[in-house]
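Hints given; two lone chains; assemble the complex.
Each chain is listed here by its residues.
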Amino acid sequence: MVVTLSPSSASPSGLADRFDQAWRSPLESLLGLGSAAGADLVEVFLERTDHLGVLAEQERITSVSPAFGTGAGIRVFLGERDGFVSTNDLSEAGLRRALEQALGMLGLAAPSLATPAPSGFNGLATLRDFGASKAPWLGACPTLAEATTRLLEGTNQLERQGAHLQARRGSYARDWQEVLVAASDGTFARDIRLHQSLGLTVLAADGEHRASAGRRYGSSGRPEHLAQWDVEASAQEVCTSAGTMLYSDYVEACQVPVVLANRFGGVIFHEACGHLLETTQVERGTTPFADQVGELIAHEAVTAIDEGLSEGAFGSLSMDDEGMEPQRTVLIENGVLRRFLSDRAGERRTGHERTGSGRRQSHAFAAASRMRNTYIAAGPHSPAELIASVEKGLYCKAMGGGSVGPTGQFNFAVEEGYLIEDGQLTKSVKGATLIGEAKEVMPRISMCANDLELAAGFCGSVSGSIFVTVGQPHIKVDSITVGGR
Amino acid sequence: MDKLDAPALRSRIETFAQAQAIGRWDLGAASSNDSSVQVDRGEAKQMKAAQRSSITVRVWNGDGLVGITSTSDLSDSGLQKALAGAQDASAFGNPDDCPAFSPLATAPLQVLEQPLHEPRGILELLTSLKDAERQLLDRHPALTTVPYNGLAERSSERLYLNSDGACRQQQLTTASVYLYARAEQAGRKPRSAGAVRLAYGASDLDLAGCITEAADRTIAHLDYAPIPTGHYTCVFSPEAFLDLIGAFSSLFNARAVLDGVSLSSRSSLGQSLAVPFLSIADNGLHPGNIGASNFDGEGTPTRRLSLVEGGVLENFLHSEATARAFKVAPTGHAGLGAKVSVGPDWFEIGATPGAAGAALGLDRLAASSQGGAGLVLIDSLSALHAGVKASQGSFSLPFDGWLLQGGETRSIEAATVAGDIRSLLMAIVGFEGEAKVTPDGLCPHVWVEGLSITGEA
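Protein sequence lines correspond, in order, to chains U and F. Here the working numbering is used: position 191 in the first sequence is 191, and no number is missing along the way. To convert, take the position in the second sequence, counting from 1, and add 485; that gives the working numbering.
Simulated from the structure, these hints should not be mistaken for lab results. Check the hints yourself; a few may be wrong.
Stretches of chain U that chain F covers, calculated by requiring three or more beta carbons in the stretch to come under 8 Å of a beta carbon on chain F [claimed, not checked]: (1) 60-72; (2) 209-221; (3) 284-294; (4) 392-404; (5) 416-422.
Positions of the beta carbon are idealized from the N, C-alpha and C atoms, including for glycine.
Only chain F is shown next, with the shape it has when bound in the complex (with noise of 0.2 Å):
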């Protein structure tokens, strides 16, 4: 892929902008190319290329209020319209919330260790992945079909200019696998579970462990049976509670904050939100996160910000305006807009160190074979775009798991948890096994007491 060419894109626009008069402007370009197979039983379903390039140019009028507008037009008369269309909306900007340059826009960067690899290219990965769905469908003679299935890599580049001199790039490749396998048996409803595995290049990608994992889980999910609905203990996976905390992420959110739509307030720094065990990190500088940036989109630089310790809530994710308004510094978690999002990276989830009241050693077999309920493991949790309430709090979500009682594990048929975020971190138990790197994060399997299941009414 050809380099984003940083000083003639500045030059460009540094022209465009003096002849309209913009004296202040930054701006975020990204630009990628993109390829991607899909097969169906041994053939290709689709091969997908794109190339795809952008720009968002925000700019200051003489009142100091910023505008913005997108395009993916490059040409100069498409960057000439951007900076019209941002002066145009400047005049309906926001004055009692004003972003302004990140103060830290040419602070240094953390050096990524981000190996840029060559596309394999498309034909090499159809093949790749016509080999893993013959592996996949041949681990056992229930599984008919890999309805889910895709092998992309990517090249990308994104950049930050603003008119003070900063200027951020950073070129990155990745490759992704998923496979989700479908079970049948006759008489039986089909079962489906999958599995998916990022790296930097196509030939990194853990091809046979995304094979053998797609092939365990949906295999361990064809003995199922109803639940019955209830309270329960439940233990869950890395990957199920990172996707909880991420959709309740507006508790850590200064933006959310400001705009009254997060449960946590100003005045909630320091207070309790979780048992004073639990610890909850952002950290996209983890070297588990695959394709991490080491700048926001106000050119920030990324660093390791603590959330919660001990079970307090230390800190919220900030852009230049929130972190202005809390008379903090930026943590590096901003989009590049009139009204700037916030947002995690990768959350580090875990035991704070020295702390007592952690459940220790837990263990979900032998809990199980003890009697009772049972414990519900949740394994994945499905529909959090419609299933959470972040400002209410609430969440009802459909999941997969199994049911462990009496020693053995059985697979849900069908249910979902509910419960409220606030409660349910006032009622984890402790943790299970080393925590796992995940592409959302880094954690361990999670007990939670007392989640309300609904499966047989």
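Same shape as in the complex, but just chain U (with noise of 0.2 Å):
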């Protein structure tokens, strides 16, 4: 196939607020070039966004914030490397401009418009709309009155259901994110993304006593999510939560066993193992299961799935950003290691298959391995059975966020701990860490419970920040470094 890219046929001008058939022509230009050029894959990414943050504090709104914005990112791999532009600017210069620069990083020249030469690009599939029946999404999302409204009922809920509050906040945020992906593989096709998040935190003081508390839910494709908030139990949880730590003593560093509550209890093995089983990290050389597919890494109660099908829940997706439709998969099963999450430069890279894992933040950054919603699977115990088996230990009921280092330590806090004593949850305590390394860590999972549950959450890393599921069951550790004082 022989393309040009002529400003009469081929300018995008105009098309920036539609994502639709009408971009064919001027992407196929654009990959066509891109190819003819000498790449071997040329992808163009299209985004238009809208988004709302709105945040109540005690019984105030004060802080409105809407953002709108386009932009385009464009990536050509040759061989293992790949370059990558992005650029707010949709015209049509703006877009040969973005490939030209990203061709010249692979040291490769975009053929001119006058002698066009022969490519291997066979012009676009026929486009997969997931977005068609998404189109009312943003206009039955709440407006911004009801959305004050539901945080002003939520910070009410607090100064009604808390003790000693200094501070009362409520945080509502609505992402709303139309994308476009073609690449010279034929690849074309659309999706309309809805993300709400609702969160209350609470800082509780009493002298010299303080404690913070604060719960985040997340929903994906579902405008009504804020509407079928339950204010009233959000409220009591994040209350009850920070009244029993508010006179907690701190807890002193030890190594015990540590039962790990559900929901955002998997936020650990999002981190520390689940980080570890991206491409990304193989290509690095920073995961210590690289080479170890089809061998045990985990105690064998451990099966883990990373999946992107969960109606409604934070990390699913109709397809990735690189327009692969998602996929169950099982990462590790009775502790033996499955397989990778791999997106197109993984694929490329390491040899392991695209499991439609290619996820972005915007259109600024490049598609990398990342997870969706990542979740230990259910066992056959009951979480009373957990903390029974425990003589002294540490209950983590609600953990705070964490890190993993370059060479695979992590650390985490716990929000709400509570010691176990003769296989009964006795005081509260605050300030612990858990420090700890996957690879050590995941064979001493020794127990899941029968109580699965998921919680919404934000993951930041190689390609920006994204909408991720964390989950589990409760869990018990048979030992794990607790930091403390």
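Rendered as structure tokens:
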């Protein structure tokens, strides 16, 4: 196929406010130019966004922050190398300039308009439009007035249900995104995404005693999420946690068995192990599991899954940011490593087949292999059995954030913790940090309960901050280092 | 990079604002061009470039309430939509805390010495980084890869305009390099450390210094051992102490004070916060602050501000609105928003001139040879986003460092340091060595006694 990019036939000008078939011709021209230049693969990612953020503090709305934008990310592969250029300029000239810049990074040059070169590009496939049924979503979301009213209900509920509250906050974010992905392998796909998140946080203070607590709730593809939010239950959960922790003592450093609660407890698996199962880590040589597919890397009680399919979950997708439909990927089955999460680059560089896991925060980031809804599967035990099996240990009811170092060490803050003594929960403790390495801790997850639940979160990594779900049932780790005072 | 055309932007905004009956507005605009490369064992791993532009407009409605909208669409329709969005949002403006134009938005600015560099181009960056990677790997046989690396250059411009005629504009070029090496030895855990350098242009980057520091730090962690859990006197590197103070900067933040989420309160001014020989200032204009801005998001000039002197809290960082609430002048630390954020620029930390009480001439190597539990040198802190509870004062942070004991220095396998920032500031023993210029500020090594270290339980 010989292609040209002529201003008259391929100008995308005026198309920035709609991503549809009208983009076929200009995108085919761009992709053809890139292919004719000698690229192995060219991919164009177009994006429109519409964001609303609202913050309520005490009895006031203190911030309303709308934002909208457009942009494109163009990626060119040559062998295992790639060049990536992002731009806010969706004009024909802007996109061509970005393509030429990306080609130039790899030592390639686009053929001139006057002398087009042959290309291996055979045109785009039929548009797969995952967004067709989602057009009403943005209009069905709460109005600004409805959102502010709902958030103030939240901060009022906190006031009613809490004690010694020095600060009360409610936050709401609505992120609408329309994307169009086209690649020189024929990929042509469109989607609309809608993510909403709600949060309540409090700071309780009484003399020298201080405690903060917060919960976040998130969904995808559910315009009615805010309207259906159980404000009272959320406020009660937050206030109970802050009230419990306000007068708690700091935990002493120790090495003990730990029982981690379900839902957001799954953040540890996400951070400490999940990231090591992304092909970006294989590429860097920073995962200890790179050559262990088929080998036992965790306790036989552990089966772990990553998928983009759970309806309404924060990490669910109709297609990934490379136009591939998501899958249910079994990462670990009964302790045995089964698969890595892979994207286009990961497949080219590591040989691991794509799993619909190519994700990015926005057009400004090249996609990378990233998690979606990631969780440890339910086991046969009740949560009470896990706690009863511990003579002296720690129960982590609510986890905070954490991080994983470049050589695999992780650490996580425990927001709400309780001592376990003789199989019973006793006094609450604060200031605990769980410390370890995935390779050492995974074999120590000896019991999984039957109460799997998911929780929404944000994951920041190589391709920016993305919406994810973490999850697990209650699990027991036989021994872990607990940092304290 | 084409210069942002401030008069043309003002003209367009004025026209669109007038059409929407908006009489009072201000805006912040920014544009940038970035190029960056990463390498992996002699090959280009990823090369990236980005062109970004954005604008944030604020409008005041007839009731004096403020609304805001941001966009990356700088077309006429984009600007019109942004103004309309801000107008809609202003209906929900907070009447109790309404921003105004900074009274200093037209005050003279200090001229900064910031030479503008022509970009070297991404292929030259690639060549330099490949060479740097090779040199780093050649430093020691245990250095196997440099998994995290990057060389970047950026040209950027920012602009502040308001309907009263204020106009601030700044052009800047910067470059950065980071090299994080991984070392592996048979039967031992991999170790990693790195270094960062900033400059106004890629040709000015201290690549040799970055390579040497990354190599020395990584190699110094090869011989590691666990540290017994306990309480230790700790020596914070300048970078680590600056990170810690930065994580607790809500102590000095008037916005956080007004919101009730700071450990400080209005009455904290004039009160003792730290040992009587500690000084902390914020000085975004320090020549060591690569990429400094001479005005903040509201157009207020940046300036040096003493925060703690002789251990006593002297001032808070302010925006226009918080300054008005405290009946002081804005300090040049604001962002731009409906609720304006406040943040520090660049810290200067050290001994208060003439103050008594600080141990002088501290020398960790000499002290470690005197026996006892030893000293812990905290080289770098991690996971500050998760391990710091700024509103509670507590922290529990993993760190890289060394145990200095019996005249020997040994890398610590894995450990966390925990404590309370108020207690820490009162437990400073003294300072060691000259203050060092870092990307986050100026600071010497800081000795603190009695900190809890969790290592091997």
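Hints, verified against the model:
Under a criterion of three residues with beta carbons nearer than 8 Å to beta carbons of chain F, the stated coverage of the region 60-72 of chain U is upheld, 12 such residues being counted. With 3 residues bearing a CB less than 8 Å from a CB of chain F, the region 209-221 of chain U meets the requirement of three and the coverage assertion stands. Residues of the region 284-294 of chain U with a Cβ under 8 Å from some Cβ of chain F number 3, which satisfies the need for three, so the listed coverage holds. Counting residues of the region 392-404 of chain U whose C-beta lies closer than 8 Å to any C-beta of chain F gives 4; at least three are required, and the coverage claim holds.
Beta-carbon proximity to chain F at under 8 Å applies to 0 residues in the region 416-422 of chain U; the threshold of 3 is not reached and the given coverage is violated.
Hint compliance for this structure: hint 5 is the single one not met.
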